[in-house]
Amino acid sequence: MIAVAARNAADIAERGTPCSLRMRAWFEGSIKALLWSLTCFTVVTTAAIISVLAYETYGFFTIQNHPEVSVWSFFVGTEWSPLLGAQPMFGVLPLVAGTLLVTTIAGIVALPIGLMTAVYLSEYAPARRRTVLKAVLEILAGVPTVVYGFFALTFITPYLLQPLSNSFGAYNAMSAGIAVGIMILPIVCSLCEDALRAVPQSLRDGAYALGSTKFDVSAKVVVPAGLSGVIAAFLLALTRAIGETMIVALAAGGLAQLTANPTAQVQTMTAYMVQIFLGDAPAAGIEYKSSYAVAFTLFLITFFLTWIGALVLRRYREEYE
Amino acid sequence: MMSGRAIATSRRLLKNRLFLYGCLAGTSIAILVLCVLMISIAIEGWSSVSWHFLDSFASRKPAQAGIKAPLMGSVWVCVICALVAIPMGIGTAIYLEEFAKHSRIKRLIQLNISNLSGVPSIVYGILALAAFVRFFGISSSDDHWSIGDSESFFYLHFPFGPSVLAGGLTLALVILPIMIIASQEAFRSVPQSLRQGALALGSTQWQVIWRVSLPAALPTIMTGAILAMSRAIGEAAPLLVIGGFLLVFHTPTNLMSDFTVLPLQIFNWAGRPQGEFHKLAAAAILVQLVVLLVFNSAAIILRHKLQKPLQS
Amino acid sequence: MSQPSALVPSMDPLTTTTPPPQRAEETRPASVAPPSAISMRGFNSWYGTNQVLHALDLEIAPRQVCGFIGPSGCGKSTLLRWINRMNDTIPGARAEGTLSLHGIDLLDKTLDVVDLRRRVGMVFQKPNPFPKSIFDNVAFGPRLHRVYSRTDLEELVEQSLRASALWNEVKDRLDSSALGLSGGQQQRLCIARAVAIGPEMLLMDEPCSALDPRSTASIEELIRELRASYTIVIVTHNMQQASRVSDATAFFYEGRLIESGPTDILFTNPKNRQTEDYVSGRFG
Ligand SMILES: Nc1ncnc2c1ncn2[C@@H]1O[C@H](COP(=O)(O)OP(=O)(O)O)[C@@H](O)[C@H]1O
Ligand SMILES: [Mg+2]
Numbered sequence: 009m010i011a012v013a014a015r016n017a018a019d020i021a022e023r024g025t026p027c028s029l030r031m032r033a034w035f036e037g038s039i040k041a042l043l044w045s046l047t048c049f050t051v052v053t054t055a056a057i058i059s060v061l062a063y064e065t066y067g068f069f070t071i072q073n074h075p076e077v078s079v080w081s082f083f084v085g086t087e088w089s090p091l092l093g094a095q096p097m098f099g100v101l102p103l104v105a106g107t108l109l110v111t112t113i114a115g116i117v118a119l120p121i122g123l124m125t126a127v128y129l130s131e132y133a134p135a136r137r138r139t140v141l142k143a144v145l146e147i148l149a150g151v152p153t154v155v156y157g158f159f160a161l162t163f164i165t166p167y168l169l170q171p172l173s174n175s176f177g178a179y180n181a182m183s184a185g186i187a188v189g190i191m192i193l194p195i196v197c198s199l200c201e202d203a204l205r206a207v208p209q210s211l212r213d214g215a216y217a218l219g220s221t222k223f224d225v226s227a228k229v230v231v232p233a234g235l236s237g238v239i240a241a242f243l244l245a246l247t248r249a250i251g252e253t254m255i256v257a258l259a260a261g262g263l264a265q266l267t268a269n270p271t272a273q274v275q276t277m278t279a280y281m282v283q284i285f286l287g288d289a290p291a292a293g294i295e296y297k298s299s300y301a302v303a304f305t306l307f308l309i310t311f312f313l314t315w316i317g318a319l320v321l322r323r324y325r326e327e328y329e
Numbered sequence: 156m157m158s159g160r161a162i163a164t165s166r167r168l169l170k171n172r173l174f175l176y177g178c179l180a181g182t183s184i185a186i187l188v189l190c191v192l193m194i195s196i197a198i199e200g201w202s203s204v205s206w207h208f209l210d211s212f213a214s215r216k217p218a219q220a221g222i223k224a225p226l227m228g229s230v231w232v233c234v235i236c237a238l239v240a241i242p243m244g245i246g247t248a249i250y251l252e253e254f255a256k257h258s259r260i261k262r263l264i265q266l267n268i269s270n271l272s273g274v275p276s277i278v279y280g281i282l283a284l285a286a287f288v289r290f291f292g293i294s295s296s297d298d299h300w301s302i303g304d305s306e307s308f309f310y311l312h313f314p315f316g317p318s319v320l321a322g323g324l325t326l327a328l329v330i331l332p333i334m335i336i337a338s339q340e341a342f343r344s345v346p347q348s349l350r351q352g353a354l355a356l357g358s359t360q361w362q363v364i365w366r367v368s369l370p371a372a373l374p375t376i377m378t379g380a381i382l383a384m385s386r387a388i389g390e391a392a393p394l395l396v397i398g399g400f401l402l403v404f405h406t407p408t409n410l411m412s413d414f415t416v417l418p419l420q421i422f423n424w425a426g427r428p429q430g431e432f433h434k435l436a437a438a439a440i441l442v443q444l445v446v447l448l449v450f451n452s453a454a455i456i457l458r459h460k461l462q463k464p465l466q467s
Numbered sequence: 675m676s677q678p679s680a681l682v683p684s685m686d687p688l689t690t691t692t693p694p695p696q697r698a699e700e701t702r703p704a705s706v707a708p709p710s711a712i713s714m715r716g717f718n719s720w721y722g723t724n725q726v727l728h729a730l731d732l733e734i735a736p737r738q739v740c741g742f743i744g745p746s747g748c749g750k751s752t753l754l755r756w757i758n759r760m761n762d763t764i765p766g767a768r769a770e771g772t773l774s775l776h777g778i779d780l781l782d783k784t785l786d787v788v789d790l791r792r793r794v795g796m797v798f799q800k801p802n803p804f805p806k807s808i809f810d811n812v813a814f815g816p817r818l819h820r821v822y823s824r825t826d827l828e829e830l831v832e833q834s835l836r837a838s839a840l841w842n843e844v845k846d847r848l849d850s851s852a853l854g855l856s857g858g859q860q861q862r863l864c865i866a867r868a869v870a871i872g873p874e875m876l877l878m879d880e881p882c883s884a885l886d887p888r889s890t891a892s893i894e895e896l897i898r899e900l901r902a903s904y905t906i907v908i909v910t911h912n913m914q915q916a917s918r919v920s921d922a923t924a925f926f927y928e929g930r931l932i933e934s935g936p937t938d939i940l941f942t943n944p945k946n947r948q949t950e951d952y953v954s955g956r957f958g
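Protein chains in written order, with this note's numbering: chain A, 9 to 329; chain B, 156 to 467; chain C, 675 to 958.
With the rest of the complex left out, here is chain A (with noise of 0.2 Å):
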């Protein structure tokens, strides 16, 4: 009975008209050539920016008839005042600490809720409540960016910050700040979460056994454990907020000083390309040119906390995989 079915299953099986085998292996290589193409291409993305940044930087620092234009004054140069008055500045100083400042009135704000949030996900919620506060995370990580920088326009500057002191301006880096800091707030969350659950259940049962509370096993045993982890997320996290732009083209101001007082307004890296790119500035002006220099050092900074989170990320990865 089996063995009949066995040999009709066997004559069935011939009768069917074999596809070419010349054709298959000439399909194979030439998807695997396609695909390994496409890989190529994030290689030569990177490239193109490199180059298409230092293109431009270089023409920048060699730029005719301006002695103000070095790459020495340029990164220790204390003013940036590239459209105003009839000697223009450009020391980058002003709108890195711009950056700096909003970057770190962020981190304030996110990085230790962030990690609060990640630990009463990971340890406490409830597995209902856990799925609601990640979708409640995941539509605050679609938020534009560029509505965070109208609420802080509109709602943190007039109704939560001047209110307390009416040292604020209608722009100010803390409102900016706060805003950057809402907008990573999630990417801290997550990725730290992440962190936190990559932690073997095995550590936490030890430590359980051994009497622990809740707040011991999560801040004595599975932070630390997962602490490679939460560098990177912050360090990921703090990324985003150097690059972020339209929050702080919104509410930061358009003054580029050197200061670290978060009622005033200051200007970021990101903040000046977008006032020379939606200007009218000349493309061959040196004002035009100083926005692809300005992206460069952006670009180098983000670039490098980014590889450097990405090697901390896979040292935990392998820790426990």
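Derived from the structure by calculation, the hints contain no laboratory data. Since the model is a prediction, treat every value here as computed from it, not as a measurement. Don't be surprised by glycine CBs; every beta carbon is placed ideally from N, CA and C.
Chain A is faced by these chain C residues, among others (derived, beta-carbon under 10 Å): (1) Asp786; (2) Leu827; (3) Glu829; (4) Leu830; (5) Val869; (6) Leu900; (7) Tyr904.
Derived CB-CB ranges, DEER-like: (8) Ala161(B) to Leu235(A): 26 to 34 Å; (9) Gln725(C) to Gln347(B): 19 to 27 Å; (10) Thr164(B) to Ala206(A): 26 to 34 Å; (11) His911(C) to Glu340(B): 29 to 37 Å; (12) Ala453(B) to Ala891(C): 42 to 50 Å.
Given the coordinates of chain A, work out where chains B and C with the ligands should sit on it, guided by the hints.
Chains B and C with the ligands only, in chain A's frame:
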């Protein structure tokens, strides 16, 4: 004789409780922020949302202004972006997860992709400005050559200039790394035993991918794609750099049309000092958030479908 | 790749024939017992630098069930995966010596492994049906390299399911997902899937170790029936199972073939101490 131990224990329990409250507070902040954001924008923008608002072009008079051009611009740009970035992302992920052998080169490419995902979007705008809008200056705008004329739907000219095509490609650059990483995770979650089973039946490598891995990974990939697209739909900075026009009075008709997108229109209105324009910005944000919620619900529904296991 | 017999100084008298020529069936000397389906001489295998199989000499007769037994980690699965070259997917896996299927050199680098795997079906330890319908699972293999008419395909699926004793249970729900079947049914579906490509040989790697006793019994029954149609190699941990289903048995220990022969002799009257200890359950 209240022992030191008992005191220590009660202190530990107190700490434990405080910590839980701290965590709860942190978590509530996230929810609170979302609520405040939605409510404040809804209050400000609700009165301006109307059919007229959706169906008219920008105007200097706030009462007559609408978002027809940015709305259609967003649709065009996002469709182009999806058509380019999703297949490319999946293809790259397939190569990396199914074909590439473990090697130094693969590790470097992987590192490069994660670095690309951290590059600020405005920098992609600069690349796109050079590459798509100007073709690296190879042909100047005077002697550009073209296919069809500006009336025909297939009109193309080279370089692309600040057109919807350039805009879509720009956004594709921005979300490509996100798309690749999401797809890679999807392929990694397909059980190895399924691939083994297909191989043992005489599948070639591509047949394994096409008939087993890809179908099994597809729901996860689509979830990732939706989230990536919700990022693309909200991007303004790179489009601003390539010269997405802030004031456009027509909807795109072909790939070479001028365009603006919703986030850029919001930026434009939000940046003006008059309160009437802020109301318009809030109304446009409401529209944008509705689109976002639709996207996110789609992702959530897909994920629910995903609960079906791949393996018993 | 295949070395002449210099590497193999003394061989079991039973298996000492002329080194296998290219087409064993055609040139076989009339005096010798039926030709082997599988024959290996001085077969060694490595994962990277770690040698896991040492100088194996073994013949597997066609249309029989051959059981591989031995403690876990002794290399049974590795050997099995060389027969359909699934080891090609493991980086660093390599083999030397002679391994042939009806005289075809299985270690040939230019061998079309896709074709080989259509001649040698495989069933895995854990049932691994695809997340598709029952019909599509069985039709998966046939559709890979041949084009069938709809009626042929339906007929093929039916016959394959009958051959794996599953037809009566699933004939009314061919379009429902294979993941809804019980473990034993899933494993029989995997057997049907292998049968549908029309193989001459079936490899089974501990096919029952993830199943409950009743499903195990039904699979064992099926294996005994299928022996009339296929050469079957089954790896098993379970001594009773080996004695129930296999005609010949080979005992491996730490990558070496310790003893092989007809099952009843190997179990009742082993020549080797280690074999005796193992089959009587004294170690392993
Ligand atoms: N993919 C692999 N890579 C490296 N070593 C392996 C791999 N698979 C199995 N081994 C090693 O080869 C030896 C034999 O394994 P295996 O053939 O699976 O044994 P068995 O099936 O008899 O339990 C074991 O020592 C195991 O550690
Ligand atoms: Mg095994």
